[in-house]
Structure formats: C-alpha cells, structure tokens
Amino acid sequence: MYTLQQLAEHVGGRVIGDPQTEISRVRPFETAGSRDLTLAAEKQYYEHLEETQATAVIVPQDVHSTHKPLLQVEKPKVAFARILSLFNVEPFEPKGISPLAFVDDDCQIAEKVTIYPFVYVAKGVTIAEGVTLFPGVHVGIGCTIGERCSLYPNVTLYDNVCLGARVVLHSGTVIGSDGFGYVSDGGEQIKIPQTGTVAIGDDVEIGANSCVDRATFGSTVLDRGVKLDNHVHIGHNCKIGENTVVVAQVGISGSVEIGKNCVFAGHSGVADHVKIGDEVKVMMKSAVNKDVSSNSVVSGQPAIDHRKSLKIQALVRRLPELYEEWKDSSESIPERKNEE
Amino acid sequence: MYTLQQLAEHVGGRVIGDPQTEISRVRPFETAGSRDLTLAAEKQYYEHLEETQATAVIVPQDVHSTHKPLLQVEKPKVAFARILSLFNVEPFEPKGISPLAFVDDDCQIAEKVTIYPFVYVAKGVTIAEGVTLFPGVHVGIGCTIGERCSLYPNVTLYDNVCLGARVVLHSGTVIGSDGFGYVSDGGEQIKIPQTGTVAIGDDVEIGANSCVDRATFGSTVLDRGVKLDNHVHIGHNCKIGENTVVVAQVGISGSVEIGKNCVFAGHSGVADHVKIGDEVKVMMKSAVNKDVSSNSVVSGQPAIDHRKSLKIQALVRRLPELYEEWKDSSESIPERKNEE
Amino acid sequence: MYTLQQLAEHVGGRVIGDPQTEISRVRPFETAGSRDLTLAAEKQYYEHLEETQATAVIVPQDVHSTHKPLLQVEKPKVAFARILSLFNVEPFEPKGISPLAFVDDDCQIAEKVTIYPFVYVAKGVTIAEGVTLFPGVHVGIGCTIGERCSLYPNVTLYDNVCLGARVVLHSGTVIGSDGFGYVSDGGEQIKIPQTGTVAIGDDVEIGANSCVDRATFGSTVLDRGVKLDNHVHIGHNCKIGENTVVVAQVGISGSVEIGKNCVFAGHSGVADHVKIGDEVKVMMKSAVNKDVSSNSVVSGQPAIDHRKSLKIQALVRRLPELYEEWKDSSESIPERKNEE
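Residue numbers (my numbering), protein chains in the order written: chain A, 447 to 786; chain B, 447 to 786; chain C, 447 to 786.
These are computed hints drawn from the structure, not numbers from a lab.
Any copy will do: because identical chains look the same in the list, a pair fits if it lies in one copy or spans two.
DSSO-like, lysine-lysine: derived pairs with alpha carbons at most 30 Å apart:
1) Lys773 to Lys757
2) Lys727 to Lys706
3) Lys685 to Lys489
4) Lys754 to Lys721
5) Lys523 to Lys736
6) Lys558 to Lys637
7) Lys706 to Lys757
8) Lys637 to Lys721
9) Lys489 to Lys721
10) Lys637 to Lys727
11) Lys514 to Lys637
12) Lys489 to Lys514
Let's have the full structure, built from the sequences with the hints guiding it.
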C-alpha cells in the first residue's frame, strides 16, 4: 500500500488531486478497479479517463481530468514499469545454502545468498551477495557470479563463465557451451576446441532455453543491459553491444559484432563475421548477410534497407496484376520478327 | 495380446474373417509380420492387402480382401492410434514420493503419484492423482497440477502455473518464465514485471524445450487439447484456442489471440497483438503480421491468402524468363524519345 | 609444452627453422605472442608472417618465411585443430559415481566413469568406460551409452536411446522425446504413441537445447559423425547420414532422409517425408519441400537450385527500377484499344 504522493516521489512525478489517495495494486486500463493505479500513456486511453474504474491514473504531463486523481510524469510507461516493480518485486531474502545442494569446498560464496536443493557448484566459483540459484542450476568450474544475479531452475553455466551484477537467466538457458567449430577433413569433421568463455555484463536478462556459446579464443561478450528473449542463439566469439534487444528464436552466427541499442525481431538471423552498427533495427525473419551501418532499418532475405524492401514487397504482391497488364499490352503491339 | 474381436469392440469396428485372430503387436504396413495388426488407410495400401505379412489389417468400411482378416472402421487412422495406445501405453502405477526429492511440507499431494529423485516442489503446490514428475522437474510456488499429468525430466514450472488434467510436458520445457517486456528509457531497458501466470487446459501436450511465458497481468492461456511441438515459443498474454496444433520452432509473439483447430507449420511466426480466427492454417515459415479471419489458409512473409501467395510465387520463379521475354519485346519496339 | 618437432610429428608436418622451438599455447594470428603457435592458412595471413608476434606459424606446404619458424602441413586448418586439441583437451580421469547420484541397481556401469551428483540413471542402462554424466543428466530405462561419451548438465535421454562411442551432447539437449504425431478426430487430436527410439552413431556431437524425437516405430537415426548445432529439431523417423552438419535452429520434420556430408545453414527447414541426397548444401532460411538430389545447392522458400534462386533474387531486387522502365516504355507506345 502506497499513497499517490509516495509513488509520485518514487518516479519524480506530480499528483493532481488528493496526494493521500491510497493505491494497493497496479492494473491495465481495461481491468483496473478500486484502489488500483493504471496507465494512460496514449491518446486512446487518456481521452477516456472518466471511464476507467481505477482510483488513479498515470498520464503524460499535459493531460488533465475533471475528477480522477492523476499522476503526471514525463515518461508514463517508464513510471508504470517502475511502480509495478515497487508493488510486485519482493526484496531478496537470503535462505542460505540448502543441505541438498552440492557446493565444492574450494569456492568463495558470499554470506547472503540463496542456493536451492539440487544445485551443483563446481570448484573455483565466486558468488557475490544477493545471488539466487534455483533448483537444478549448474555452475561450472571457475565461474564468477555478480551481486543479485538470479539463475532460474535448470540453467547451466559451463566452466569459467563470468556474469556481472543483476544478471537474470531464465530456465533452461545454457551459457558457455562449445561454439560450433569444425574443420572438414575429407568428410570427417575435426572439432576445433573452444578454449574461450563467455562474459556477460551487468543488468543482462536472458529468456528461457536460450544459448550463448563460448568463444574459440577469448570471450563471447554480451555488454551491459543486453536483453535476449527465449530460444535465442548467440554463436561463438560474438560481441553484442549495450542495451541491444534480441527477440525470440533469433540466431546470431559466430564472430558477429553488434552495436548498442539494436533491436532484432523474431526469427531474424545474422550470418557469421557480419558487423552491425548502433541503433540498427532488423525486422522479423530477416537474414542479414553483410555489414549494416548504424541507424539502419533492414528487412528481407537477404536483408536490405527496409524502405526499399517494402517497395519491392509491394511490387511482388502486385505481380499477378502487373503480369496480366503486361500480357494485354504486349498483345496489343503488332508482333515483329526478331531479324537476327 | 488381444483378439481381433476385442480390438473391434475397442474402436467400434467390424471384423471380416476370424474374430478370434490373435494380435500381439501393431506395426506399419511395410514391416508388419506374423500376429501383427497393420493399417491400410489409403488406396496405395489397401489395394495391396494380400502383400503385407501382417496377420490382420485395419481398413476403411468399404474395403474387402479375399483372405486377410480385416478390421473395418469408419476412421482407420484414429482406430490405429487407439489400438496402438492399447498395446503401448502402460497404465499408471504410483511409485510415491522419492526420498531424494524435495517436496515442501505446505503442499497438497494426492496419494497415488510418482515423484522421482531430484524433483523440487515448492510451497503451496497442489498435485492431483496419477501425476508423474520425472527427475529434475521444478514446480514453483503455488502451482496446481491436474490428474494424470506427466512432466518429463528437467521441465520447469514457474510460480502459480496451473495445469489441467492429462497435460504432458516434455523435457526441458519451461512454463511461466517472464514475458519479454521492457520500456526503453533513453537506451536503458526498464523491465515491466510480469505479474501474471500461465493456465493450461486439459489434454494439452507440449514437446521438448518449448516455452510458454507468463502474462504481464492475468494469464497466458492454452485451451483444452492444444498441441505444441518442440522449440515452440508462446509469448506473454497469448490465448490459444482448443485443439490448435503448433509445429516445431514456431514463435507466437505477445498478446496474440488464436482460435480453435488452427495449424501452424514449422518456423512460422505471428507478430504481437494479432488476432487469428478458428480453423486457420499458417504455412511453413510464414510471418503473420495482421489479423486473419476464420477458415483462412495463409502463407508468405508477410502472410497473405495462400492461393494468391502461390500465384505470386509461381511468377517470381518465372521472373528470369519473363524478363528475357520483356527485353526481347521492348527491343522490337521502335524507340521513342521521351518528349518532356 | 611441446617442441615444434613434436607437434610436426603429431600432425605429419615439416619444421622449417629450429625443431626445438618451444611452444606453450596456440592462439589466433592477431593475438598470438611469445611461445605461441599460430595459423596462417590463407594468403591474407601468410603474406604477413613477419608481423605476427607468434613464435611459430602453421602454413601450407609451399609457404616460406625469412626468420619465423614454420610448421608446413598439407591441411593447415586441420593441423591447427589437432594441435589445439593437444593443448586444450584434458585426458579423461574417472571420478566414479557420486553418492549424490541415483543409479538403479539393475544397470551395467563400466568401472572407469564419472557420474556427478543429481544424475538419474534408470534401470536396464548400460554405460561404457570413459563416460561422463554431468549434474542433472537423466538416462531413461534401457539406454546404452558408448565409450567416452560426454553428456553435459541437464541433458535428457528418454527410454531405450542408444548412443555410440564418443558422442557429445551439450546441456539441455533432449534425445528421444515423443515424435509429434496426432490424428485429428473431429477437431480432437488423438495421439499416435511413439513406440520407437533414437540411435546415435559414433562421434556425433549435438549442441545445447536441441531435440531429436523418437520414432513412431523403429529408430530415428543420426549416423556416425553427424554434427548438430544449438536449438536444432530433428523430427521422428528421420535418418541423417554420416558427417552431415546442421547449423543452429534448423528444423527437420518427420520421416526425412538425408545423405552424407550435407550442410544445413541456420533457420533452414525440411518438410516431412522429403529425401535429400549426399553432399547437399541448403542455404540459410531455406524451406525444402521436395526431394533434392546429391551434390545440389538449394535456397529459397520453397528451396530451388541456388543459382536460379540468386538470379531470381537479383531480379526481385531490381523490380522497382524495372517497373519504372516498363511504365515509361508502355507510355511511349501509342495506345490501342483492345478490339474484342
């Protein structure tokens, strides 16, 4: 339970109406009810402020209402996310190391951690304060896990993986498995040992059943704030820049370099050794097979400039009509023999 | 071992030949042998009934043979599946709770269950009769698991997930991990807490290494009889209607609504907030980015009506020849200067 | 530590320079330093031999240098991989069976194995010498695991799976889950029991979070030397030929037959019952929906001959210009009424 005033202070906003209005939950516009705070970030919502059953509404700074208590903020969606966290994210309470877990003696484990049953921690591991390892997690030899990381059930870290602070890895995700490297010798595939590892920056979150392969040499790197969805594949030796967002089932091949703040939509893919700049957007199912400069939007298979891609797509869709038109017009031309 | 008569009664069919014919296995047409029952559902098979080594054959109602004992049924493939189950699916025998499992005291566990070693069951969980939890399964706080569910090794249920009766989850599948929701605040991605859960209806089966994300609010829902293959991604807030079938590696983005009896072929995908009707078929690798009405068949990237898509595809394939033809015909036209 | 001479003997090469040159690591060309061996397999590297800080360089047989000690070999990349293994792959040291593992009494386990905590081995399993089962591995009833296999954390083998020698399965991979087989009975999906299993040949390696489904009858088969990347789906009843390489997120539907030495690039897929010959290359994101003969290269959706596909793609990319050209030229033709 918070007052509207307390929430306004939490997100740096301004209360319009009674600052002591009590808020006990956060709910979407359509389903919010009494004592709920809701969000009206877009016109379609804030033009109907009187209709929501919510007790109060987060709105942009210039939006007003006749009766409804409002929380005016610069970035309504950001404020909504922050307040939702306030209500729903429980503070960490260390439960210690379960006697049903296996933790090697040769490890440095901070005092305030939670390690559940059936977790395996190999030798040489360092675990900082506030870390939660859920059941079935495997931490390989020599790994480092930063403050307040959460590794959900059945996550696997191979040897020597390094996680920054506040990294969240969802169930079934595998960090540091061997990169896919072979040399063909007359049909037979000779394995290239993958001697490197994976380094993951602060505040990275990775969805369920994703994979980040270890480097052949050195490290595969996810910079600070990278967010991967479920079923994402990151090949060996990749470097992914800060705050880049990668949606479900995307595949990034080996040795790809990606800049900051990029977005990869679902099922898109990048061929190996490609370099991608900052702020690039790759559309759904696109196949990037050459370098992309910063601030581009690309789509298609292979991916090209998205505006050109849309033009081509529109023409491709019209091909049946264009073909008919062309046939009609050719028939209307008196035929001439090719004189060669 | 069953007699043909017993099998006929099991599936509501009619025996042609000796009803006491003994059947000890079910096998495919090409490899069936003595005392085997096989299936001839299509002409290519039932026109060669004398050639199979099988002792008896399931056939459509109007198919006859000179010598071979037959089991005539209305739906031969359905009868085959039901009889194959009769021979191959062992009845559930409860083994109890392994002393090597961890089950929180504050749970309601039915008497006749099988909980294998290294299973973790958190507090507040309800498990009905006939449930099997294989090794490495994780059941989060407050989950409900209906009668006769089977959770194969290393399945993860996050907190508060609800499974109906007879749900089958194959290994590595993750139900209830966080939906992929962030708000960008000057590059930084602010997480939107995913406060909802997942509700899965009766008779749902999900393949290996699939993911169904929890809702931001409320529940992501898979209705009764939905079947997901391996590596399927279902985003947060989705509703999937009864008996819809989703083939391997399909990705359904957030807040998608899908009707009953749809089929999604491999590698297809749906963009967020799209609504899809009943009985829709989405072809291999298609990208659905707008609403689709019931009974449609769609294909392409983006997906359109499949018949139109096939026409376009045929023309695209002919482009090299059409281009040559066009070049030839243009050359045959006396060139005129553009007079503007 | 090895001398250059020892390494030359290991890979069948010839030393140019001091055979007693001591080598303590293997590193890439750009980052190699003192006492490192590196690789210069291509012109761009071996024309700059004097620039690397490496102590010695693996080169093709006809490449020379003024000062740098060289290891001349017929296949430089193969030699590099073999020498890298020599330095980086530790010999197997059996650690025995952890008291925290569960191994059924009715199993045949070789003496020299390593079975980590929280591994579950069901009854009737046979495990050969040199096998490592990492934490969280599940081995179903009746499985056979050949010599020197490594199953990384949280791998699942369903019942009766058979692995040859030196098979490597990375974390989260699932072998033998049910094939996706249903018969529709008025909307309701009736499951076809998957009564077969999976047989995996010697020297197969499978990446993380991949799935190979069990056959309906008989076995799904991966022949000797097959290499699958992460997130690969192999449907029921497939046969994959020797040394075929399948890159990340590829989906092979049920009952597909694939020959030897094929390569499937990322996100490609094959429809069910398709037959593919030997030495076939399937390009990124292609959708193979009919049989492909040996030695073909195919691409596109659906996949066709890659050269034709490239021609079509080039024309599709030029469509906006071709359309403008066509419009200009049609306008320049005196219009004629269609006289019908």
